[in-house]
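Protein chains in written order, with the working numbering: chain G, 35 to 327; chain X, 5 to 337.
Keep in mind the hints are simulated off the structure, nothing from the lab.
It should be emphasised that the depicted structure is a prediction, and the values quoted were computed from it without experimental measurement.
The C-beta atom is built at its ideal place from N, Cα and C for all residues, glycine as well.
One or more of the hints may lead you astray.
[Claimed, not checked] In silico SDA-like pairs for lysine to any residue, Cα to Cα no more than 20 Å straight-line:
#1 G:K314 x X:T145
#2 G:K259 x G:W249
#3 X:K144 x G:I50
#4 G:K259 x G:G112
#5 G:K222 x G:A208
#6 X:K45 x G:R138
#7 X:K45 x G:A214
[Said to hold, decoys possible] Facing chain X, according to a computed beta carbon distance under 8 Å, are these residues of chain G, among others:
#8 S42
#9 G44
#10 N215
#11 Q263
#12 Y309
Listed below are the residues making up each chain.
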Amino acid sequence: MANMNLYSRGDKAFVILNMFLIAVFTISALYPFIYIASLSMSTGFEARAGNVVLTPVGFTLDAYAQVLSERMFWVSYGNTFIYTIGGTLMSLAFIIPGAYALSRRQLYGRRFWNLMVAFTMWFHAGMIPFFLNMRDLGLLDSYFGIIIGFAVNGFNIILLRNFFEGIPQSFEEAARMDGANEFQVLWKVYMPLSKPAIATVALFCIVSRWNGFFWAMVLLQDEDKIPLQVYLRHVILELSDDEEFAATLLDATYSFETVSAAIIVCSIIPILLIYPFLQKYFSKGIMLGGVKE
Amino acid sequence: MSTPGTNVGGPGKTEETVLLAKEALHTTRPSRMVRVGDHLKREWQLYAMLIPTIIWLLVFLYKPMYGLQIAFRDYSVFRGVAASPWIGFEHFETLFNNDQFLRALRNTIYISGLSLLFGFPMPIILALMFNEILREWFKKTAQTIVYLPHFISSVIIAGIVITGFSPSAGIVNTVLEWFGGESIYFLTRPEWFRPIFVGTTIWQEAGFQSIVYLAAIAGVSPTLYESAVVDGASRWQMMWKITIPSILPTIIIMLIIRIGNMLEVSFEMIILLYQPATYETADVVNTFIYRQGLQGGQYDLAAAAGLFNAVVAFVLVMSANAISKRYSRTSLW
Chain G
35 MANMNLYSRG DKAFVILNMF LIAVFTISAL YPFIYIASLS MSTGFEARAG NVVLTPVGFT
95 LDAYAQVLSE RMFWVSYGNT FIYTIGGTLM SLAFIIPGAY ALSRRQLYGR RFWNLMVAFT
155 MWFHAGMIPF FLNMRDLGLL DSYFGIIIGF AVNGFNIILL RNFFEGIPQS FEEAARMDGA
215 NEFQVLWKVY MPLSKPAIAT VALFCIVSRW NGFFWAMVLL QDEDKIPLQV YLRHVILELS
275 DDEEFAATLL DATYSFETVS AAIIVCSIIP ILLIYPFLQK YFSKGIMLGG VKE
Chain X
5 MSTPGTNVGG PGKTEETVLL AKEALHTTRP SRMVRVGDHL KREWQLYAML IPTIIWLLVF
65 LYKPMYGLQI AFRDYSVFRG VAASPWIGFE HFETLFNNDQ FLRALRNTIY ISGLSLLFGF
125 PMPIILALMF NEILREWFKK TAQTIVYLPH FISSVIIAGI VITGFSPSAG IVNTVLEWFG
185 GESIYFLTRP EWFRPIFVGT TIWQEAGFQS IVYLAAIAGV SPTLYESAVV DGASRWQMMW
245 KITIPSILPT IIIMLIIRIG NMLEVSFEMI ILLYQPATYE TADVVNTFIY RQGLQGGQYD
305 LAAAAGLFNA VVAFVLVMSA NAISKRYSRT SLW
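Here chain G stands alone, though its shape is the one from the complex (with noise of 0.2 Å):
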């Protein structure tokens, strides 16, 4: 299909409207980044006055450094940190095991263990019952609950155990002739075999934490212990709203704006830096948990 020469003048145009169209949609979809990232380098006067467009205008970094005085920025940074990297953990010790025991043909009541599973993609209690649950096991305003209480997912134990499935036969029964037993044959032979799915799990489950507000805001009090999802979410809607805060930042070299957009640009980095990992992995993951039952 790659050579040109074959298509005539119409599908040429056809291929130059199509090259245009989707450079005015790629353009689209990272605009905005551009924007919040001039925004935050910008001063608060030329902010206010609405005058960035695309870069930064009274180049400052003075948003940055107000950002980073506030100690609730770092408190919920850091706690952002270990919702993020004890949930995924505690995701993995779930979802690995109970996937592998899924996709095992001698497993007694497979097929109904399977549907349990699937059937919790499809039908929630809501909200409600499951605040009022969280709140009777004692786990509100916890590290703890917020890290066990979103472990599963039946779309991620299903779409390791498709991927599990599809490991040939052989690969195990070599291992067993050698007398592993089933956690060996897990741990050494399908985990090793499985590093792209398990990836793929991984990130889903870091970004879903990493950017997991409404639970941290409904489960939690304590203003230490929320995320940083939280607190940016505090900054752009509650400060903006409030009149006083933007009265008092007039004549400083940053404004409401520029903050919150600095503080956007301080939470996006850690996601762009495993992007390239994520990209590497997901268009393959997102198709083997894709509709396969």
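Following the hints, position chain X against chain G.
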């Protein structure tokens, strides 16, 4: 492993012996209990791996399903679920006489309808367009960029939207003023909420959702295109006659999933973007549940709204799947 008593075969044996043999076979076969016991003994490691996950599901997902019965009870925090008195369908009657709930229901249907209409075709169109790009580097770069917004949190996306649409500093109003327009405080205007919300979610998700269709397109046999080239088909014709029909099953499956999630509009984003001034068009069932239940403490009423939501969603996906199975032989299960 031969069972004693089965080894009596051979030509010329009477029927009686065969019966005896069968009997022996039957009685010496281990009972079901014993067989399950043996199996568990042999395969205990497998169950050790499965059980934590099952317990997790029971504790965190199935137990709340049991708690869902508060939708039919006059729930009291002090008495707990089981001791609160049954009141039948009273909460549901209250809901369907509640203007706020009905408004939330209408808004949910309206917003999901808009998302379905504009949001569902977008990733398909994008995937078809990506497929027509012949320059690999351009395709890769563009894909990398359009996937990105999916990985950014709703809080940040909402922050970008709020900043971008703000009346003083926002880029949207800046551009509007260039063209001689008046500055609008978009996020306080009910009539602007839906377009902004639907646009934002499409912007955020369309790129990423195109992955599924791209994978489906990658699975189309190249020989189909080769013979089309021989027949002198244009790229446009190949797209309509080969690519689209080939990925139709995927499109149908994605549509079923989408319909099943119809009532699950991304309410986290709505919570971040709406304000009392825009409740009129922005309040959906999930935000209603959040306000009444988690903020207002009316757990039983909110749980009833949640149950209604979940049941409708379940029925929707089941019917979509059944219809699709019947007419296109494509289904989720």
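Against the structure, the hints come out as follows:
For the hint pairing K314 (chain G) with T145 (chain X), the CA-to-CA distance comes to about 13 Å; that is within 20 Å, so the pair holds. Straight-line distance between C-alpha atoms of K259 (chain G) and W249 (chain G) comes to about 13 Å, which keeps the hinted pair within the 20 Å bound. With a C-alpha separation of about 17 Å, the suggested pair K144 (chain X) and I50 (chain G) falls inside the 20 Å cut-off, and the hint holds. About 9 Å separates the Cα atoms of K259 (chain G) and G112 (chain G), which keeps this hinted pair within 20 Å; it holds.
For the hint linking K222 (chain G) to A208 (chain G), the alpha-carbon distance of about 12 Å falls within 20 Å, and the restraint holds. Annotation: proposed proximity of K45 (chain X) to R138 (chain G) holds, straight-line Cα distance about 16 Å (limit 20 Å). Using a Cα cut-off of 20 Å, the hinted pair K45 (chain X) and A214 (chain G) holds, with the two alpha carbons roughly 16 Å apart. A hinted interface residue such as S42 (chain G) counts as satisfied when its beta carbon comes closer than 8 Å to some beta carbon of chain X; here the least separation is about 6 Å, so the hint holds.
Using the Cβ-Cβ criterion of 8 Å, the hint placing G44 (chain G) at the interface with chain X is satisfied: the shortest such distance is roughly 6 Å. Nearest Cβ of chain X to the Cβ of N215 (chain G): about 6 Å, under the 8 Å cut. The hint holds. Annotation: Q263 (chain G) was flagged as interfacial toward chain X, and the flag holds, the nearest CB pair being 5 Å apart, inside 8 Å. A hinted interface residue such as Y309 (chain G) counts as satisfied when its beta carbon comes closer than 8 Å to some beta carbon of chain X; here the least separation is about 7 Å, so the hint holds.
Comparing the model with each earlier hint shows no violations; every hint is respected.
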